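> What follows is the residue order along each chain.
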Amino acid sequence: MGKFLVRRLLSYLVLIFLASSFAYILAATTLSPRTNFEQLQPRPSQEAIERELDHLNLNDNTPLAERYATWAAGVATGDFGQTITDRSVNEEIARKAGVTLRLIVVGTVVGCTVGVAIGAYAAVRQYRAFDKVTTAIAFVVLAVPTVVIAVSMREAARWFNDLTGRQYFQYGGEYTAGLDAGFWGMLFDRLQHGILPTLTLALALFAAFSRYQRNMMLDVLGSDFVRTAMAKGLTRRAALLKHALRTALIPTITYFTFTFGILLAGTTFTEKIYGWHGMGAWVVDSIVQNDVNAVAAVTCFMAVCVMAASFLSDILYAWLDPRVRVS
Amino acid sequence: MSMSVERAADGAAVDEARVPGRWSGVLYELLRTRRVLFGLGILLALSAAAWIGPLLSPWDFTEADILARREPPSADHWFGTDSIGRDIFTQTMVGLQKSIIIGLCAAVLTTAVAAVVGAFAGYFLGATDKVLMWITDLMLVLPNFLVLAILYPALRGQGYIVFVILLAALAWMVTAKMVRGMTISLKEREYVLAARYMGVPDHKIIFRHILPNMSSLLIVDATINVSAAIIAETSLSYFGFGVQKPDVSLGSLIADGSTQSLAFPWTFWFCTGLLVLLVMAVNLIGDGLRDALDPQAKRRS
Amino acid sequence: MTGTTTETDPAVDEPRGSGDAPVLEVRDLHVTFPGSGRNPDVTAVRGVSYSVRRGEVLGIVGESGSGKSVSSLAAMGLLPDHARVSGSIRLHGEELLGLGDRAMSAKRGAAIAMVFQDPLSGLTPVYTVGDQIAEAVRVHNPRIGRADAHRRAVELLELVGIPNAAQRAKAFPHEFSGGMRQRVMIAIAIANDPDVIICDEPTTALDVTIQAQILEVLKTARRETGAAIVMITHDLGVVAGFVDRVQVMYAGRLVEVGGVDDVYYRTRMPYTMGLLGSVPRLDEEEKAPLIPIAGNPPSLADLPPGCPFAPRCPLAVEACDAGEPPLVPVGGEGHTAACVRAGEIEEHGWTARDVYPVPEIPEPAAAAVPRADRATVLRVDGLVKHHPLMKGAVFKRRVGTVYAVDGITFDVREGETLGLVGESGCGKSTTLMEILSLDRPQQGTVEVLGKESGRSTAKERFAIRRDVQVVFQDPMSSLDPRMPVFEIIAEPLRTHGHPKERLRSRVHELLSLVGLDAAHASRYPQEFSGGQRQRIGIARALALEPRLLVLDEPVSALDVSIQAGVINLLDELKARLGLSYLFVAHDLSVVRHIADRVAVMYLGKIVEIGDVESIYRHPTHPYTQALLSAIPVPDPEKERTRSHIVLKGDLPNPAAPPSGCSFRTRCQKFAALDDTRRALCLEREPELTPAGGRSADQAAACHYAEERELL
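Residue numbers (our numbering), protein chains in the order written: chain A, 1 to 327; chain B, 328 to 628; chain C, 629 to 1339.
Misleading hints may appear alongside valid ones.
No farther apart than 27 Å at their CA atoms in a straight line, the calculated lysine-lysine pairs in the DSS-like style are these [claimed, not checked]:
no.	chain 1	residue 1	chain 2	residue 2
1	B	K531	C	K1128
2	B	K514	B	K457
3	B	K514	C	K1087
Since the hints were made in silico from the structure, they are not lab data. Note that the structure is a prediction, hence the values are computed from the model and not measured.
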């Protein structure tokens, strides 16, 4: 088991490193950090530009292999280099990763739980009003890109705030900068800011998971073991909850791995639209700013997240399904 | 209803000698599925509007009516105008064209790549599988939004066919894994073994027996990929990484309109509404197809 | 680890048909599944009535689609909501039809219990078996504590014969074999001392030796609970020895009802006759062709008026189409049959052979030449196939080696059929796949038509493929559903460059050879019945005029009446085309019927091989003896008086076979030996040694091989 884990972690590491390298090389060949400095007003001297680019390991006159080697050597010691504004990428990651992780974790937990619960219940009430309504809602939500959900919710909040004349919802940033209102005040402020972005992420997840869980549930509804449970004397409802739902949860775990990539893309839009300074927003910003090192770092972070999610769902899978446990 | 279906079939022996051919049954099933008809209807109507609309409109999509800036919908400008006086109807229809073309092409390409990679990996297993699945995993780890966002602007000169290829190149992985899983189980089917033992070469078996037998999965997946591609294009264009000015797409229109949707709702809601309608139509078709093609899913609808 | 020999007692305890009131009484039951969309309604059960008393065993026999399962699900209240049920089902006089789910769930599992067919999918995979049994206890006794319920679960597991019950209760269903899971299902069924136990094909998915065990457990269950048992099955052998009364169902109706002897020996309904005539018999020495019933069961969606069996019935007269005949008394007490000509049948004392046309099968030409002088078509020498045993889906790793095929040797001569028999997991299918792959085996050699596998060029290999063809078990999955029949049969021809202009004529020729219409060529496999599909599979296999046909359980997925037709066809083709067959099957009756020689496999090894007559008449290996004795014979008298060897336990783990003789852990002979003689079995692996004596062609791998008459 231990040996197995080590092997799996190693292969994860290799994949993450390759993905980051690929992103680095891609960014280094297509982005042009030089223009950032050339467009400064007043324009710095040519020597100053070269010096700055060399300092940041972004000089396109240096051969790519050499730049890559420098970058890779840094990464090997855990240093992702400097951003284009000469700040430590590591420090930026430390600051931004927390923002994104908070968003992902809360959004995922809320979205998946609600989605699974509603999907399972809809399956049990197949063809009844509850099933029809939730299916219709899920269908519409699935057709709306996260960008549109985020923008619409922001506009709706703006409209609501205008209507009531009070700032019930906040849609700029993660918290009010410089606010000093004690623990509860701060918490409330964070909630005000957090509710819309979290809801945006959760809504898309809810739609996907309720559809999926409904289908999985319907698949096991007619299975032999549910019939056995009823033949024992369980009522239909008890058989469904205890035997069908528990078994139908297993494939949903695999589904989570598949949706995780989409979820990550979703955080990009959400953070960008709600003005959160997380990793997702950094994806867009770093590309716009020609920030090669940041692009590579973001890629690395995303890869780690994907791997962690897939590892987590493997563990959950083994926990939920005795058939795959190693004895 | 599965138990009942099996039992009923068991009870009836469903006179197997006189079941109609598979495809005619599927066709009937499709025509009976209201969702598919409904979805197809919307899709056709949208396509017709997207291509005929600009011809009917007196405005060109790049042309600005300087006298009419941010005008609400009127007889002159059916969907109103934007901040520099361009006709939103024409722009939206041109954007819709782009979304439809990109969605369809990218989906077909994605599914084709996924089918080939998945089927070869699943059929041959061993080293082929290891290599192909390793590449798949690597591609899955790469944040595709980021790669697209970096690459596309660099290649924008080549037109949006490049965009289609890029989208497909970054979206085939999950389907490929599914195809691989199905291939592994199909491979054990006795008709595949029979073909192998009569000496049919492997690549012929894949294209003759394996892929046709998962056509329902592939067709359904292709429709899902259509909506995924449309959404991806919109999102990228929203951030300015997709279709570039002066060209327009639904994404870039939504981006323009989003900031002023309260004051000038026509700049935002027409393009957004049409986008949602388009994706929903495609999803309806996909969902209906799944029910018609996959007997297991029939009872889900 | 002992084998037991039990005499089957004709009346276990209760006297048959004792006078007390019936426990379960079904009157005029109708079940209709409304069709969705363009599909018409399906009436699966049409007016079924029966009753069972305490301690009585009632058999319901019928082929798939006869409505036998649906009627019992109706009694349990387990039919889906949209099924329309009418009539009356009374349990202890209380009407069950129309009860709500809550009221019904109080009956289910308490007064009326059910054992289902498929033990593999019948238990929830995520709970331990102990919990699942305890749940059955607790749901009807909510006040019983968790610990007490668990204790009761362990007791029940012991009762159904699971060794080491306290520990095994903590295992999950996937860690149990099929037979063990079926025992668990029975434990759940008897947990609350029900008054009726409905068994829906409880042994169909199991091997014969396990089937014998399960039937024993059911007998124990009846003794312990005194419950009435309703035994639903398609197997006329199982019913013969187990039940008191039989009812035969066809197209949703009862067509013959009576005491088991009456129905078997004084059959009055042509359908029942046909069923009995089409079963290959283990106990019949001479090789008479089987008697198939022509045609297929009717669709229940749109039944024409008249007797539903009339279109297939050799005795049909005009009166049969007038209306559906009711069950009328014929002779013996409580014996009724639904046939307008029942009186005539009784009068003349007709049997299946008098009523049905008996097909003629020519004698193969090769039979005239002594075996030793015939060419060898297939020679397998010391074949070994081991594969790694992987565990875990997420954390996959190798935990051992499965000795799937562990050194087997046999040959097949021209015009000969070798039957390869054994229970599931014995390696017979692996052997086939190894032969068909034409790859070099891990060890040993395979020689097909004189060419050694793995030593030929790709071109030679391709040429050999022409001469070796295969027919698979499952007629559903052996034909590509996306191809019309013409393409399916033409595929081997095209692959091997058959002239294009003669393709059509060849396909038509093949279709008529297997008894199908050339007009069928443009249809898809789904449009055919199971038997017809198997014929298409045979046509495809014969397309290239092979010399050796490898058949992997070719008839085990078919109903008996259809199976008989396919077996006859295979017999006929062999004689006409001079084919050699390697015939893999688990059904020893079928093998006795079709094979010339037979090899019995156990745990990857051949334990006994020889000509059919010798092996079936005087088997010498204890395993062969146990196998033969476990097969029920469709003859109530013989079944009751026959001695059965019931093997203990399951097949050992093929990744960790026992030392010495691999059969010793279950061997009834080993159990009877003293320690000094056992030492040999423990230490040395027995080799195949000729039995000598009566038969020249018989060899067994047993240190203490000894002849024994079983039939």
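> Check the structure against each numbered hint from earlier and tell me which ones fail, lowest number first.
No numbers; nothing is violated.
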